[in-house]
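Colleague: Protein sequences, first through last, are from chains A and B. When you read off a place in the first sequence, starting at 1, and then add 1354, the result is the number in this note's numbering. When you read off a place in the second sequence, starting at 1, and then add 191, the result is the number in this note's numbering.
These are calculated hints, taken from the structure and not from any lab test. Just so we're clear, the structure is a prediction, and the values are computed from it rather than from any experiment. C-beta atoms are modelled at their ideal positions from N, C-alpha and C, and glycine is treated no differently. Take these hints with a grain of salt, some might be off.
Facing chain B, from chain A, some residues (calculated, C-beta under 10 Å) [stated by the list, open to error]:
| hint | residue |
| --- | --- |
| 1 | ARG1523 |
| 2 | MET1537 |
| 3 | LEU1541 |
Facing chain A, a subset of chain B residues (Cβ under 10 Å, in silico) [what the hints assert, rightly or not]:
| hint | residue |
| --- | --- |
| 4 | PRO284 |
| 5 | ALA344 |
| 6 | LYS359 |
Derived list of chain B stretches under chain A, where covered just means 3 residues or more per stretch with a C-beta under 8 Å from a C-beta of chain A [what the hints assert, rightly or not]:
| hint | stretch |
| --- | --- |
| 7 | 288-296 |
| 8 | 300-308 |
Residues per chain, in single letters:
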Amino acid sequence: MSTFVLLTITGLGLGAMYFLIASGLSLIYGLMGVLNFAHGFFLTVGAYGTWWMELHLTGIGSIWLRYLIGAAFGLALGAAIAALVELVLIRPLYQRHIEQVLVTVGLAIAGTALVQAIWGGDQRAFVTPPWLNETTDVLGAKVPNDRWLEIAAAAVVFVLLQLFLRRTRYGLIIRAGVENRSMVQALGIDVRKAFTLVFAIGGVAAALAGALSNVYFGSVVPERGTSLLIFAFIVVVIGGLGSLGGSAAAAVVVGLAQQYANYYGSTGMGEIVVVLLLGVVLLVRPRGLAGAVAT
Amino acid sequence: MNTAVAPAPTRPLLAVADLHVYLGESHVLQGVSFDVPEGGVTALLGRNGVGKTTTIRALLGLTSRRGTVSFDGVDISHAPTHRIVRRAIGYVPEDRDVFAGLTVAENLRLAARDAQPRYELVYDLFPRLRERARQRAGTLSGGEQQMLALGRALLNENRLLLVDEPTKGLAPLLVTEVARALDHIAELTTVLLVEQNLAVVRRIARDAVVLDQGRVVHSGDAAGLLADRDRVHRLLGVSGGGHA
């Protein structure tokens, strides 16, 4: 029982990170039709931004405070770089989807290489606030405390994004734009501003996943964004392009399936199960769990 | 000595000159030119596939085009769609294009540009939109979706409405209702109307422009055109019936 509880909560923690990456990916594709292969780079930016800032805050005694300031810096950097990518690289290529894919793939490769060139390819240890390294007893399972942080962060982001989409004018524009971008423009709305905003929001969420992944894995490594991005893409497809609710549900399913299969099957089985799950969803429900509606 | 001064020619609200549109390899509009005078309804007519919807979309910049489009004397040929619309041009698309996942109220709220959107006018004209304000637009009937599409365009004080086949696919009773609404709308603003139902055109249009194979083949008085059955049959391929 305790193993099952541990696997479940760890799976939810992993799913939380998948959701944070997938939410931005899903909205960007749903609204703009851009398959952003550079999205993992935003995670790497958040991870390294957090790590770098924390490293330079030696004057501050509290590790928690250092982590929070570092994460805030990482998130701001993620948002700025994502907005810049949209303005400089994506905007000139609207409606040219092949070129967009090539540019984002190129950026992902170049970005990772740049991080490797500056800080090296080896993983670097990340100083985690002590409480996050401790465990909490849940039904006999010793659950690492960082899992709670990951789950809580994803839940807060989910609620905030839902409020943003439902209660603000830009949210309304994004929900409408996911359905029919041309018609939004034909109502006199400059949809390009929404594009930049969605990229920035996606950048923040991915950077947050980066800051959390530092704690989850206890280190930073240049390729982390790329490796997590693959699962985030699977989550987006299973959840339904453009749907936050679908992404959240799919992230939970993928995170849990991966953990259970890796433990009860064998190491590496988790990845196979996730790919099989993707295949089943594509065959049975090609538009994903929720389809192209920003919910 | 004759001292009478000839009246200055009035500037058209919309002037289209030598408009070309290519869709893939197809040269859909081949130098379309016409004017829309201020006030009343100008009908844009033609058989299926002659480029009526493409013309409307080209005027709005929703499809790439070549040629000159002037609105109230200002060249809008190179302006992006949202800037064109903000010059007080409303659009009611052929397939309604309401946002299915948004409620009726959200669809209207999204369309509201003016500081004081005319919700009362819209709800007076289409009371069913008020009743169904919280309902998702995707669950409305075709007629109700058309009302929503028209309502969206009426919320703002537009100077020109581009209305593309508003009665398409509607039951005869709804055609009458939409025609009545268009009648009312035409009293408020200038309308460029694409319409296949000639009874509706006869009822509300003052001028008519006829397209054939991507070119304008008639431009002038609508009543005169519709009175000439042979001409109507030759240009439009129909006899001129339908509900209004």
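Colleague: Go through the numbered hints given earlier and state which of them the structure violates, listing their numbers in rising order.
Modeller: As far as the earlier hints go, only 6 is violated by this structure.
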